[in-house]
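So in UniProt numbering the end of the sequence shown lands on 459, straight run, no missing numbers.
Treat the hints with caution; some may be incorrect.
Here are the computed lysine to aspartate or glutamate pairs in the EDC-like style, where the Cα-Cα straight-line distance is at most 16 Å [to be verified]:
{"id": "1", "residue 1": "K281", "residue 2": "D217"}
{"id": "2", "residue 1": "K281", "residue 2": "D370"}
{"id": "3", "residue 1": "K59", "residue 2": "D185"}
{"id": "4", "residue 1": "K351", "residue 2": "D217"}
{"id": "5", "residue 1": "K229", "residue 2": "E104"}
Hint data in this document are derived by calculation from the structure and do not stem from the laboratory.
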Amino acid sequence: MHHDPGPVRPAALIENYHVTRHFLGLDSCLVSAARYNHPEKLSLSRDVLFSAVRSLVRKHAALCVCLADEGTPEPKFVRLESIDLSEVVRFVDQSSQELEKIIESEFLKPFDTTKTLWRLTILNGNTVLFVYHHCMGDGMSSTAFHRTLFRALNEEQPTGPDSFVEKVFTPGDTALVDPIEHLTDVTPPWLTVIREVLKLFIPPSWTSAARSWTGNDVPSFESLPSPLKTHARAIRFSAKDVATLTSLCRSHNATITSALYFLITTSLSHTIQNPPYLTEKSNICASIPVSLRPQTGASKDAICDHPSSVTLYTPINATFSWKDATSLASTLRAHSQSQFREPRTQIGLLKFLYGKYEAFFKGKLDRKRDAALELSNVGRFELDEPNEPGSGWQIEDVAFAQCNAVVGPAITANVASAPGGNMTLVFTWGDSAVESGLVDAFITKFKDQASEILESHAD
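Please construct the entire structure, taking both the sequences and the accompanying hints into account.
Here it is, written out as C-alpha cells:
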C-alpha cells in the first residue's frame, strides 16, 4: 500500500533561512565526495549502487521530501510518494582527478525543489558525489550519508528482479529529525537582543565590522552574475602530514581546526598586506561553523540541519603563532559544550525576522560583505566497524565543498578527512566575492606556510 504524499512539517528557523537563500538564487548546494574501493576491483554499477541507495531512502526521511510554498514565510517539507533513481543518480565519464571542475559544475545546478533535494553524481573509479540542498542537511550530514552508504554497500543486498528496480516508494511514516528549536532552548538573553537592536542604530564606522577586510561588496540584485559561478580549488594532505600536524596540535593543546584557521588567516593577511591587494583594514572577519548536535541530541548518522557558528575578528597578521591556535581551540571547545548558550541563541535570533527572510537577504545586497572567511571542518570520517584490510568496500578519499558565494564569506575553506587519515581542503569563492588572482596568491602562501611547519617538525 502506498500512502498519498503530504506535508511532513514546516521548515524551521535555520531551514527556512537556507530555503530562502536558495529560492533567491543566492546559493545552490553542498557537495560531499567520497572515493570507494573494493579489494576485488568491483565497481559501483547501477545494480550495486541502486540496491544500496534504496535502503538509504528507507532510513533517511530527509531523502524522501521536497519543498512546497517556497517564496512564502512558511515553506513546508512535503513527502514524495516515490523517487526515480534514474533521475537522481547520474554516471559521468570523468574521474576524481577532475574533482575541482566537477564541483564547480555541480554548483551551477540549483535544485528543482518540487523534486528530491539531493542527487548523486558517480565518477569513474567509484567516486560518489552526494549533492544536497542546505535546508535538508548541515555539513555533518555529508558524512552521515556516506557512512550509511558504506554500511549498505557492505551489507548483503537482496538480489532478484526487485534489485534492478529504479523507482523507490518512500515510507508512509516519513518523519524528519526535529528542528533545533524543538530539541534545545534557543531563546536569546535580552541583553543579546538589545545588542542586536542597537547595531541597527550605531554608526557603521563605530563597529569592528567597519575595520574588517571582507572581500568585495555583495553585488546588487541587478548585477548578480548569471550563471552563478563559484570556483573550487582542492589541496590534499597525506596521512603522514596530517599525523605530523595532529601531533603538533596536541603538543600545543590546539586542534586541526584552530591550526588551519591561523595558517589560513596569516596567509590571507600576507596577501592583503602587500600590493596589488594591499588594504588599510585592520582585521579579518571570519566564522567557524559548530555543530549543535551535542545540544540537540541528533545522531551523527542523522541527515538534518543543526548548525551554528562562531564569529571572529582576527587582527591582520602574517605571522603564524601556536599561542593563537591554542587560544582559539579553547574558545571552540567552550562553544561545543552543551551549557554554552551563544551558538544556540544565534538560531533563536532568527525568530525576530518574523518570517521575513527574503527581505533579510535582499537587505544584504549591494552592501559590505559580512565576512571574509569561513572555515568549515566536517572532521575525520569515522567508521563504527571498519572492514579488515583486503575485505569489503573501503573509503579512501573524501572532500567537502559548499557554494554560498553571493552573500556568504568571500572565501570558504572546507575540510574533510578520510578514514585513513588523509585530508582534503577545498577552497571556494565566487566571481563577485573576491578576485581569483588574490585567491591564487593566498593559496600559494598557505601551501608554503603549511609546508614550512610540516618540514620543520618532520621525523
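Original post:
Looking back at the hints listed earlier, which ones does the structure fail to meet?
Top reply: Hints 3, 4 contradicted; others consistent.
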